[in-house]
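The listed protein sequences derive, respectively, from chains A and R. Taking our numbering, the leading residue of the first sequence gets 11, the next gets one more, and so forth. Taking our numbering, the leading residue of the second sequence gets 11, the next gets one more, and so forth.
A few of these clues could be false.
As the list makes no split between identical chains, a pair holds if one copy fits it or if it spans any two.
List of simulated lysine-lysine pairs, DSS-like, C-alpha gap at most 25 angstroms [to be verified]:
1. Lys206 to Lys400
2. Lys174 to Lys160
3. Lys400 to Lys339
4. Lys160 to Lys175
5. Lys36 to Lys201
6. Lys462 to Lys206
7. Lys407 to Lys313
Since the hints were derived computationally from the structure, they do not count as laboratory data.
Number of protein chains: 2
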Amino acid sequence: MVQLGSPQLKRSLVLDSNDLIGKQVKVAGWIKTRRDHGKLIFFDLRDRSGLVQLVINPKASENSYKLAQEIRPEFVVEAVGVVKNRPENTINRDLETGNVEIEINSITILSKAESLPFDMGAEELNLELPTLLDYRALTLRHRKIAQIFKVQEAIVEGFRIASKKIGCTEIVVPTIVASATEGGAGLFEMKYYDHKAFLAQSPQLYKQMLVTVFERVWTIAHAYRAEPSVTTRHLSETTQMDCEIGFVDFNDLLDLLEEVAVTMLRHVEEACGGILKDFKMESIAYGKIPRLTVREAQEIIYKEYGRDFRREKDLAPQDEVEICEWARKKHKSDFVTITHFPTTAKPFYTMPDPKNPEYSLSYDLLFRGIEILSGSQRIHDYKELVSSLKKRGLNPKDFEMYLQAFAYGMPPEGGFSFGMERITMKTLGLKNVREASLFPRDMERIDERFSKK
Amino acid sequence: MVQLGSPQLKRSLVLDSNDLIGKQVKVAGWIKTRRDHGKLIFFDLRDRSGLVQLVINPKASENSYKLAQEIRPEFVVEAVGVVKNRPENTINRDLETGNVEIEINSITILSKAESLPFDMGAEELNLELPTLLDYRALTLRHRKIAQIFKVQEAIVEGFRIASKKIGCTEIVVPTIVASATEGGAGLFEMKYYDHKAFLAQSPQLYKQMLVTVFERVWTIAHAYRAEPSVTTRHLSETTQMDCEIGFVDFNDLLDLLEEVAVTMLRHVEEACGGILKDFKMESIAYGKIPRLTVREAQEIIYKEYGRDFRREKDLAPQDEVEICEWARKKHKSDFVTITHFPTTAKPFYTMPDPKNPEYSLSYDLLFRGIEILSGSQRIHDYKELVSSLKKRGLNPKDFEMYLQAFAYGMPPEGGFSFGMERITMKTLGLKNVREASLFPRDMERIDERFSKK
C-alpha cells in the first residue's frame, strides 16, 4: 500500500515541470478537475507547489486510459509521463505551469475519494459558513481557502521577525492555570487531578514575570474565553502574539507596538503579495499612525460622522470602523492607536494615568476597522498591584507566584498582544473570524456542530 | 513612578560598556551582588546583556552613596556614571565586562526588593527542586537557570529552521477537542459551554488532516496528559514540536526525522555553545545514527549488558540508557533510532508492518538515554483506519471530521513529534524534566504546591 510506483524515478513537484520540458517525470498529488475531450482525458493535478495539466492519451498508454476512467476529483494519484510544450492555442496564462502539460505513460491511484458534496474545481468556493466548516477537512484543500493559512503563516513569521528585532527572547508558558487572569468572567473550568483549574485567558501574568529574567520577551500562546455569544469577531480559542518589555515608558511602548505591527505586516505583503492580489486587497497604508485618546476619537467621530458617543466609556464596533476610515483618509494610515481607556474597563494590572487615574495608560491598535492589539503600561509597584487586585475583588492569595516577581524587584514595564486570527481576517478582507482559523472553536461546534449530534 | 531619571541620556546595555570607556553612560537593571570595601560600595548590575561592576564612591556623589546604603540584591536601579578601565589587579577575566567598571554619579531605585530567601549571588543556585519551583518567579532570574531557557529558545528556533528546510508549512491547531486522540487514558476533561470536552493529547489528528492541504506541515503545540504519577520524565502540560509529511515511505520518514533532529541540535550548539560549556556538556556526537528494531536493540542489550528483556514489548528506561551508551561507543552517535514497536502498543493511526502486522512502522528517536521523539508511518486507507479504530474499541462517529480527510483522498504519509522539554533536559544534562519547563505542571502543583494551600 505504501509502495510508490517507479521507484527509480524521484518525484518532482509540478511547478518544476517548466524546467523539465522533454524529460520524463514522476508527479504526485490530488486531482483537482477532470475534463474529457473526445479520446483524450485531461486532469489538473495539485501538489504543494501548484497545479499542472496531465493528458491521458489512449495511444500513449491504454492501461492508464482505462484506469483514468475511474479517477475523479480529490483522488490521490502518482503519474509518470513526459513534459511537453502545450500547443499555442491551449496555453493557460493564468497558471504558472500553463505553457506545459505532462503526457502520461502510467498512472497509479494512491487513494480514492468519495464523490464530493460540492464542486471543488471552481476559482471560488461559494459555500455558506456552516457548510464550509462542516466539511473543513475537505474545504481547506481549496486553493482560495488554503491561501488564507499561508498568509497566517506569514503573519506569525512576521511577528517573530519583529519581536526578535526589538530584542525579545522567546518564552513558552503554560495554559493550565490555578486562577482567573483578568477577573472571573468567561473562564473555562477543568478538572486537574483532584483540583479545579482553568484555561488561561492570556499568557499575561507569565510574560510579566519573565520581564525580570529576560527584560524583553515574546510568546505565541493559545488563549481561551468562554464567550457565550456568537459574533463575527470572537472565538473560544484564539492565538495571541505577545510582547512584554521592561525599562520602558508609555511612549516607548507606543513606538514599539507600532514598529512590531508595521514590520510584521510588511513581511506579510512581501511574502504573500500574490495572494493579497488574488483576494483583491489594496496595499496596506503605512502613513504615520495617528495616536488618539478615546475621548479624542469620540470627538472626531462626532465631528466627522455626527454620532455623539462622547459619554461612552469605550469605542463601539461602529466607532472603530469610522475612526479607521478617517485615519485612512486623513493620515494615509490603515492603523490608529487609541489610548487612555477608562481604568475600570481594563484589567487589574493596568497602570492608571498618574495625571488622571480615572483613565489608564492603555492602548488598542485598530487596523482596518477592528482592534487587532491591546496592551498597557503595567503597575510595577508591589503595593499598588496588591491594592489594585483587592479593589477588583480579587484575592492576592490567588496570585502568589505572580506577586513574587514584584516583591523581588520589577522595573517599569508594559506590553501588548496581537490577535492572530483578527489580523488574518483583516489582511484578507474576510467577513468572519471563523474563516481565519483552521478549526474554529465557538459555542456551536468543536469541529462538528453540536446540534447535529 | 514610571519616569526614569536623566531623560537626555539614552540607556545603554551593560555589555556595551566595553566600547564606551571614558564616556558617561546610563545603565539599568537588577543588583546581583553588593560588596562593601572600606569607603567604596561595589554592585554587580545585571541586565539582559550581562553583568557590569558599579562603583559607588562617596567622593564622586555623596547622595548616591547614601542611597546605596539601602540597596540590596534584586533591587531594580538606574545609574549614571563614567565607564573606566579597572586597575590591572582587579580585572575579572571570567566576566565579559571584566576590564571595566562604571563610577557612579547618580543612582535611582526603580523598584525595591524584599530580603531574599536564599543567596542568588553564587555561580550555582543549589536548591532542592521544591524550593526551586516554589520561588520560580525569583529563581528563574539566576543566570544558570535563565540560560536553560535560552537553550530552549534555540531548540525551538532550530526546529523551525529544520522544518522549513524540509518544506513544511506552519499550522496552528486547536487544543480543545471533542474526543480522545490516542485512546481514553490520561485525558483532562473540561466543561465547554453545555458540553463535555477534552484537552488535546497531541496535535496528531489535525496535522494529519493538513497533509491534504499543504503536504508537509509543522506545528509547535501544547499537549496535555493526566499522568497520575510523579516521574522525572513526565509533565502534565508539555510542548510538542511536530512534523507531518505526505508522499513518503517508512525510510523517507527515518531520513527526515534524523535530518530535523541533527539540524535542530546543530543550531543549538552554534547559538548556545558558551552555555553548553558552562553546563560542562560534551559536544553532541553526530556519527551515522544506528537504526534498530526493538528486537535488535534487546538483543544488543542482552549481549552487551547481560540483561535479557527480549520478550518485553517495549524498551524500559534502563534499556534506553544502555542502548544509547552502546551507540555512543560503537557508532559515535548520541542518537539511536528504534523502530517496529508492537502494533498494539501504538495508537490506532499507526500503520502495521505489511510484512508482519504484529509489529508496526513506528519509531522512537533516543538521545542520550531518553526518548525525545516518536512517530510512525500512518494508515492512510479510509477503510483500514475505520477498522483500526473499531479494533481499539473507539467509535468512528467520534472521529468524523478526521475521517473526512481520508474519505476524500489521503496520500501515504507519516510524521513525528519531538518533546521540547526532554530535549532541553538532555542537551543540558538536567536531572528532572521540571527544570526544563518555565512553569512545570504536574499532579502536585500549578505554580504553588497544592499541599501548601
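Hints versus structure:
1. When the C-alpha separation of Lys206 and Lys400 is checked against a cutoff of 25 angstroms, the pair qualifies only within one copy, where the shortest distance is 22 angstroms, while the shortest distance between copies is 33 angstroms.
2. In the homo-oligomer, the alpha carbons of Lys174 and Lys160 lie at most 25 angstroms apart both inside one protomer (21 angstroms) and across protomers (13 angstroms), since each shortest distance falls under that limit.
3. With identical chains, the CA atoms of Lys400 and Lys339 are never at most 25 angstroms apart, being 44 angstroms at best within one copy and 61 angstroms at best between copies.
4. For the homomeric pair Lys160 and Lys175, the shortest alpha-carbon distances inside one copy (22 angstroms) and between copies (16 angstroms) are both at most 25 angstroms.
5. Neither within a single protomer nor between protomers do Lys36 and Lys201 lie at most 25 angstroms apart by alpha-carbon distance, with minima of 52 angstroms and 50 angstroms respectively.
6. Taking CA atoms no more than 25 angstroms apart as the test, Lys462 paired with Lys206 passes between copies only; the shortest distance there is 15 angstroms, against 30 angstroms inside one copy.
7. Taking the closest pair of Cα atoms, Lys407 and Lys313 never come within 25 angstroms of each other, the shortest separation being 48 angstroms inside a single copy and 57 angstroms across copies.
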